[in-house]
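The lines below spell out each chain.
4 protein chains.
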Amino acid sequence: MKLAFIGLGKMGFPMARNLLLSGHQVTVYNRTREKAERLEADGAIVANSPAEACSSAEAAFSMLSDDKAAVELVLGVDGIAAGLPKNAVHLSASTISVGLVRRLTEEHARAGHDFLSTPVFGRPDAAAGRKLIVLVGGESPVADQMRPLLEALGRAVFFVGTEPWQANLLKLCGNFMIASMMGSFGEAFAAIRKGGGDQRTFFEVMDELFGSPVYKNYGGNIVDQKFEPAGFELKLGLKDIHQLLAATGEINSPMPIASVLRDLLISAMANNQGTLDWSSIARISARSAGLAG
Amino acid sequence: MKLAFIGLGKMGFPMARNLLLSGHQVTVYNRTREKAERLEADGAIVANSPAEACSSAEAAFSMLSDDKAAVELVLGVDGIAAGLPKNAVHLSASTISVGLVRRLTEEHARAGHDFLSTPVFGRPDAAAGRKLIVLVGGESPVADQMRPLLEALGRAVFFVGTEPWQANLLKLCGNFMIASMMGSFGEAFAAIRKGGGDQRTFFEVMDELFGSPVYKNYGGNIVDQKFEPAGFELKLGLKDIHQLLAATGEINSPMPIASVLRDLLISAMANNQGTLDWSSIARISARSAGLAG
Amino acid sequence: MKLAFIGLGKMGFPMARNLLLSGHQVTVYNRTREKAERLEADGAIVANSPAEACSSAEAAFSMLSDDKAAVELVLGVDGIAAGLPKNAVHLSASTISVGLVRRLTEEHARAGHDFLSTPVFGRPDAAAGRKLIVLVGGESPVADQMRPLLEALGRAVFFVGTEPWQANLLKLCGNFMIASMMGSFGEAFAAIRKGGGDQRTFFEVMDELFGSPVYKNYGGNIVDQKFEPAGFELKLGLKDIHQLLAATGEINSPMPIASVLRDLLISAMANNQGTLDWSSIARISARSAGLAG
Amino acid sequence: MKLAFIGLGKMGFPMARNLLLSGHQVTVYNRTREKAERLEADGAIVANSPAEACSSAEAAFSMLSDDKAAVELVLGVDGIAAGLPKNAVHLSASTISVGLVRRLTEEHARAGHDFLSTPVFGRPDAAAGRKLIVLVGGESPVADQMRPLLEALGRAVFFVGTEPWQANLLKLCGNFMIASMMGSFGEAFAAIRKGGGDQRTFFEVMDELFGSPVYKNYGGNIVDQKFEPAGFELKLGLKDIHQLLAATGEINSPMPIASVLRDLLISAMANNQGTLDWSSIARISARSAGLAG
Numbered sequence: 002m003k004l005a006f007i008g009l010g011k012m013g014f015p016m017a018r019n020l021l022l023s024g025h026q027v028t029v030y031n032r033t034r035e036k037a038e039r040l041e042a043d044g045a046i047v048a049n050s051p052a053e054a055c056s057s058a059e060a061a062f063s064m065l066s067d068d069k070a071a072v073e074l075v076l077g078v079d080g081i082a083a084g085l086p087k088n089a090v091h092l093s094a095s096t097i098s099v100g101l102v103r104r105l106t107e108e109h110a111r112a113g114h115d116f117l118s119t120p121v122f123g124r125p126d127a128a129a130g131r132k133l134i135v136l137v138g139g140e141s142p143v144a145d146q147m148r149p150l151l152e153a154l155g156r157a158v159f160f161v162g163t164e165p166w167q168a169n170l171l172k173l174c175g176n177f178m179i180a181s182m183m184g185s186f187g188e189a190f191a192a193i194r195k196g197g198g199d200q201r202t203f204f205e206v207m208d209e210l211f212g213s214p215v216y217k218n219y220g221g222n223i224v225d226q227k228f229e230p231a232g233f234e235l236k237l238g239l240k241d242i243h244q245l246l247a248a249t250g251e252i253n254s255p256m257p258i259a260s261v262l263r264d265l266l267i268s269a270m271a272n273n274q275g276t277l278d279w280s281s282i283a284r285i286s287a288r289s290a291g292l293a294g
Numbered sequence: 002m003k004l005a006f007i008g009l010g011k012m013g014f015p016m017a018r019n020l021l022l023s024g025h026q027v028t029v030y031n032r033t034r035e036k037a038e039r040l041e042a043d044g045a046i047v048a049n050s051p052a053e054a055c056s057s058a059e060a061a062f063s064m065l066s067d068d069k070a071a072v073e074l075v076l077g078v079d080g081i082a083a084g085l086p087k088n089a090v091h092l093s094a095s096t097i098s099v100g101l102v103r104r105l106t107e108e109h110a111r112a113g114h115d116f117l118s119t120p121v122f123g124r125p126d127a128a129a130g131r132k133l134i135v136l137v138g139g140e141s142p143v144a145d146q147m148r149p150l151l152e153a154l155g156r157a158v159f160f161v162g163t164e165p166w167q168a169n170l171l172k173l174c175g176n177f178m179i180a181s182m183m184g185s186f187g188e189a190f191a192a193i194r195k196g197g198g199d200q201r202t203f204f205e206v207m208d209e210l211f212g213s214p215v216y217k218n219y220g221g222n223i224v225d226q227k228f229e230p231a232g233f234e235l236k237l238g239l240k241d242i243h244q245l246l247a248a249t250g251e252i253n254s255p256m257p258i259a260s261v262l263r264d265l266l267i268s269a270m271a272n273n274q275g276t277l278d279w280s281s282i283a284r285i286s287a288r289s290a291g292l293a294g
Numbered sequence: 002m003k004l005a006f007i008g009l010g011k012m013g014f015p016m017a018r019n020l021l022l023s024g025h026q027v028t029v030y031n032r033t034r035e036k037a038e039r040l041e042a043d044g045a046i047v048a049n050s051p052a053e054a055c056s057s058a059e060a061a062f063s064m065l066s067d068d069k070a071a072v073e074l075v076l077g078v079d080g081i082a083a084g085l086p087k088n089a090v091h092l093s094a095s096t097i098s099v100g101l102v103r104r105l106t107e108e109h110a111r112a113g114h115d116f117l118s119t120p121v122f123g124r125p126d127a128a129a130g131r132k133l134i135v136l137v138g139g140e141s142p143v144a145d146q147m148r149p150l151l152e153a154l155g156r157a158v159f160f161v162g163t164e165p166w167q168a169n170l171l172k173l174c175g176n177f178m179i180a181s182m183m184g185s186f187g188e189a190f191a192a193i194r195k196g197g198g199d200q201r202t203f204f205e206v207m208d209e210l211f212g213s214p215v216y217k218n219y220g221g222n223i224v225d226q227k228f229e230p231a232g233f234e235l236k237l238g239l240k241d242i243h244q245l246l247a248a249t250g251e252i253n254s255p256m257p258i259a260s261v262l263r264d265l266l267i268s269a270m271a272n273n274q275g276t277l278d279w280s281s282i283a284r285i286s287a288r289s290a291g292l293a294g
Numbered sequence: 002m003k004l005a006f007i008g009l010g011k012m013g014f015p016m017a018r019n020l021l022l023s024g025h026q027v028t029v030y031n032r033t034r035e036k037a038e039r040l041e042a043d044g045a046i047v048a049n050s051p052a053e054a055c056s057s058a059e060a061a062f063s064m065l066s067d068d069k070a071a072v073e074l075v076l077g078v079d080g081i082a083a084g085l086p087k088n089a090v091h092l093s094a095s096t097i098s099v100g101l102v103r104r105l106t107e108e109h110a111r112a113g114h115d116f117l118s119t120p121v122f123g124r125p126d127a128a129a130g131r132k133l134i135v136l137v138g139g140e141s142p143v144a145d146q147m148r149p150l151l152e153a154l155g156r157a158v159f160f161v162g163t164e165p166w167q168a169n170l171l172k173l174c175g176n177f178m179i180a181s182m183m184g185s186f187g188e189a190f191a192a193i194r195k196g197g198g199d200q201r202t203f204f205e206v207m208d209e210l211f212g213s214p215v216y217k218n219y220g221g222n223i224v225d226q227k228f229e230p231a232g233f234e235l236k237l238g239l240k241d242i243h244q245l246l247a248a249t250g251e252i253n254s255p256m257p258i259a260s261v262l263r264d265l266l267i268s269a270m271a272n273n274q275g276t277l278d279w280s281s282i283a284r285i286s287a288r289s290a291g292l293a294g
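In order, the protein sequences belong to chains A, B, C and D. Per our numbering, the very first residue in the first sequence carries number 2; after that it's consecutive. Per our numbering, the very first residue in the second sequence carries number 2; after that it's consecutive. Per our numbering, the very first residue in the third sequence carries number 2; after that it's consecutive. Per our numbering, the very first residue in the fourth sequence carries number 2; after that it's consecutive.
No wet-lab data here; the hints were simulated from the structure. There may be inaccurate statements among the hints.
When chains are identical, the list treats them as one kind, so a pair holds in a single copy or across two.
What the hints assert, rightly or not - Each computed DMTMM-like pair below joins lysine to aspartate or glutamate, with the alpha-carbon atoms no more than 25 Å apart:
1) K11 - E209
2) K236 - E107
3) K236 - D225
4) K240 - E209
5) K132 - D199
6) K132 - E234
Hey, can you work out the whole structure from these sequences and the hints?
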């Protein structure tokens, strides 16, 4: 297929590369052009704007860091919406707000494009190894048609609902589940320490009990105080919790645990932890208990 | 070894049986005598009181449902402490309060007994299959000496600390981690439903993401509304959270997420869910969001 | 002085009238024109647009219900900003978001206007009786100059800071203090009832203890379940809490009690209490405790 | 009347003195005897034990600092229960746990005594000036009979219910209302400061808005950081919140705001604020927001 890929950050780069390696023709765009040129060896064509990248695409992916970038590169002059041919599909993989996804849905409908929201779970190494978990929200026939493309990116593809934003709500809820696990680890670790116990033992017991790579990964980071380099920056984690609270505020669904996490993450921001890994949320619990670190 | 086992409930019965099958001589006591007699086929001797069961034991296990039962059967007339020979060991596997474990520690020291607290993670089927996770708190040499007995009960044995109550604090923190997962599932499921989405899809994505049997088990119960028969009754789960809050209140370690869970579980009690499985905590989130069930 | 007044709702109408009664010349605008015409007897001139009302004003007041109305009537075609002469002052009394006040500040600066944010505490009867508490944020000399006008509206005028949005942050914090009082009443009343006690006695003791008309008013409403007609609709109260959380999220100030109130109010929305008085937040606590009403 | 008064601390001393000044014959007991002797000038008789003080009393008051003191001086050898004549009344003014009040009720019934629980609101200066708010729980005829005595102690007497513990639950709920006000002030002050605003202005506006001496008193303490000497020690405030959570846990009434306060107060304890005034709860909010003090 003739594809476009807009946004070659830590996640977008390996995803675009996997599409190239799967035999598709991919025209790419990135704000920092050098990063795009690094894909030329794999056969990518480099464009000067999102619109140009999309001009003859059957399907265009975007993987952008936040709402602001998405507004600019999708809806701006020379954006995806301006360049994409009628009846082509935009697959938006960015973790952006439910409100913005609704707006993109409307704008693309107006322009005669199909639109899917396809946020993913996984870190850059999972993206490189085609191990992402891929969500899809949007019209079923379009989602079915695009499924082979999405399967080239991850280990599992889940159809979430016919409204694109539903995929984003699910993504935000998933991130909340991870944040809740970390926040709970944080308060349990503090209690264990104040009781004179050993954090590592608690971690090992939880590893045995839950048997989950996610617990092993994040719990281990907390025990080792290994918050740099950040796998996922705390400020981005807080952004996602803010988006979740905004989205659930609109549909009137209470989130008391997410609210606690919000306040812990805000306290972490106020204590200069914004660029540390979000597992450093545990530090706030330690400090509240009068513990160092 | 010559052992005693006091308390043959859903957990104690298979644990005692596994000690018998491992070749130990076990004298057992249970308030309902018939249950004890069912172990005679496996070689158990049935005693008329905890004291009698312990009278010639090298080590005595207890597995009792709550503080009240433990006070009575350990410290009462004809209790374990009254019957156990000097220098013998009491291994208390009950999930009881940190305060009571401290008291048992003192009383046994006064009586010249060794004392270990050995709470376990796992359900009755895990107990039967020697799949429990066993914690040990108490003097290291005693713990080392008893390790083979504990290994006969489970898949992993963790030494927690030299204070017996530290094992109970860890146990309570572990139950908190499970409760937090369920509470978070509850609020996420409610949000997904209010967004018009499908709970089962969210559950499947989380199963893929966390890859944990605990998530599969409890998350699945919630999606299926399968709260009866209870694997672990909600009122016992609340008891554990109350005990955790009492223990952390004494050592001044804040527990904001545990506090949210306390209030959700109390609301569940107020809505007659005490004997349902504790995963029914999710119902409270649903109801707060104006959803049925 | 030559004044304009835009927005003659429950609050704006008596405020505009008081300015007329103080001897000022006031040109008024309201979307529903009849309401404006009712002020003609007091000397008001009725304009066809906010811009027209402001065209020869030295100072223009606005009292609008939410951000959406404020964007339209201040910044829209024929809005206040379009009509107000250079060097004239806009006094924005609306309880709107901190973000929007920042935007209004910039837009008015660009247009050469002075700008004050002047939100008020008080209900329509307080507005009629010149009993409002008036806040002022903005450049001090302008605030000083406008003080006599503001004193014509209320019983006390407080200068909050040189940034107009600071007045709005203070207003939102004040509404939070009221909401917190009501939420606390709600959970205490529920506890008293579950203990077999009498709500009214608790209310009377609190009335004696705090000696505050605010406690008397709201606490009395809750005891009497008098939630209609709403003095202040619950959905507007939730809007204010959302705005407070947004504003404090930006400056990284945790709000754990406000977060609890958010979730209670959202639960109230989910249970169709949006148009009841916001003191009906207490119903949610009652219901969580398994009580009717 | 012939009275006994047990416990002459900061509160008990002026209360006993007021009973003397009202013309009653009062025999007093205090652990530190010198304090008791200081009342001899006002006509008090000093006893060597609670039992002795009560031996010929028609009514005996107790005002003790916590459950431990109450158990000892009421139920211990030479305690009130041992000395009080049949049909005499014990009026327990201590803020003790609901559980202990239930136990005292039973023990006194067994001994043929009448029993009232009469906790009070107010500080030592209010006790001296007969300005306390007095609660009464217990059998109505007894409460009616004792009313003149209680009226000699305060500005208002409220009958709460026929179960003595109901007065204590109400007292704990009242202290929760005060704590909630202080906690809310704490998070609002932090937000105002982070927004570059002035705490004092916010305080003055709230003083104007609520018009309550309680707001003026505690809010002023927070603005001035005047936490020593403590009017009411934070550790005692936490004790009351713990007691409230225990009592509401038994009757299954959720307390989400009280739970937040619990965690803030625990964090304050962990930061060595136990002997500061409980309004120093506000410091925790400031610190969470990254602010000094």
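Hint-by-hint comparison with the structure:
1. K11 - E209: Intra 32 Å, inter 22 Å, cutoff 25 Å: inter-copy only.
2. K236 - E107: The answer is neither: 29 Å in one copy and 27 Å across copies each exceed 25 Å.
3. K236 - D225: Within. Shortest intra-copy distance 21 Å satisfies the 25 Å Cα cut-off; inter-copy 34 Å does not.
4. K240 - E209: Answer is between: at 24 Å across copies they meet the 25 Å cutoff, but 32 Å inside does not.
5. K132 - D199: between (34 Å within a copy, 24 Å between copies)
6. K132 - E234: So K132 and E234 pass the 25 Å test inside one copy only (21 Å; across, 38 Å).
Hint 2 from the list above is the single one not met by this structure.
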